[in-house]
Amino acid sequence: KQEVTQIPAALSVPEGENLVLNCSFTDSAIYNLQWFRQDPGKGLTSLLLIQSSQREQTSGRLNASLDKSSGRSTLYIAASQPGDSATYLCAVSETGANNLFFGTGTRLTVIP
Amino acid sequence: GAGVSQTPSNKVTEKGKYVELRCDPISGHTALYWYRQSLGQGPEFLIYFQGTGAADDSGLPNDRFFAVRPEGSVSTLKIQRTERGDSAVYLCATAAATGPTADTQYFGPGTRLTVL
Numbered sequence: 001k002q003e004v005t006q007i008p009a010a011l012s013v014p015e016g017e018n019l020v021l022n023c024s025f026t027d028s029a030i031y032n033l034q035w036f037r038q039d040p041g042k043g044l045t046s047l048l049l050i051q052s053s054q055r056e057q058t059s060g061r062l063n064a065s066l067d068k069s070s071g072r073s074t075l076y077i078a079a080s081q082p083g084d085s086a087t088y089l090c091a092v093s094e095t096g097a098n099n100l101f102f103g104t105g106t107r108l109t110v111i112p
Numbered sequence: 001g002a003g004v005s006q007t008p009s010n011k012v013t014e015k016g017k018y019v020e021l022r023c024d025p026i027s028g029h030t031a032l033y034w035y036r037q038s039l040g041q042g043p044e045f046l047i048y049f050q051g052t053g054a055a056d057d058s059g060l061p062n063d064r065f066f067a068v069r070p071e072g073s074v075s076t077l078k079i080q081r082t083e084r085g086d087s088a089v090y091l092c093a094t095a096a097a098t099g100p101t102a103d104t105q106y107f108g109p110g111t112r113l114t115v116l
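Line by line, the protein sequences give chains A and B. In terms of our numbering, the first sequence opens at residue 1 and continues consecutively. In terms of our numbering, the second sequence opens at residue 1 and continues consecutively.
Below, computed lysine-lysine pairings styled on DSS-like, alpha-carbon distance capped at 25 Å: (1) B:K78 <-> A:K42; (2) B:K78 <-> B:K15; (3) B:K11 <-> A:K42; (4) B:K17 <-> B:K78; (5) B:K11 <-> B:K78; (6) A:K68 <-> A:K1.
Selected chain B positions facing chain A (in silico; Cβ < 7 Å): (7) Q41; (8) G42; (9) P43; (10) F45; (11) Y48; (12) D103; (13) T104; (14) F107; (15) G108; (16) P109; (17) G110.
None of these hints come from the bench; they were simulated from the model. Where a beta carbon is used, it is the ideal one built from N, C-alpha and C, also for glycine.
Sequences are here, hints too, so could you generate the full structure?
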């Protein structure tokens, strides 16, 4: 069964700092990988989706990379802002399946 | 509607009772998913619909859980004889069948179920 791990579980950084969140998965036969943001008491918002054939995706201050062979992805956030404070979840879908396997998330706090 | 909506937002029930949780998808989205998220965990897959049929129900924990989508739009997750361990946030997500965002799942705000 696919297992997704996210490190660290929690991270606090001062405003303006660049940061990296890590995600690893055990089975490299993935179809795509998504990064989500979850605010307390809210649902998930999709940030970036990387197809298995891609190496990275960028949206504004966010950049996600994918190394399928080593089972790793990173989410890079540039010039962090207090509004970036949330839990960030990584999820993979497998070839031939439709559901997502989620990590437990990284809780990010950006200190003003 | 503009996004996925779920009702109720909160549901408190007593052990042994029956509950129904509703999901209204984004208009035109044929794929619909139910996930369950326990405190401090990532969401766990329950069931996936493509149109009206349940294409994959392998995530349902036991036969107390059942979901329907009779007209290929609104879906209802039904839980019989609720147990305290069923307490969690139940999330619904939908996706388009085709187009540039076909693989992206859009999530609703969830229903927080508390079984006393």
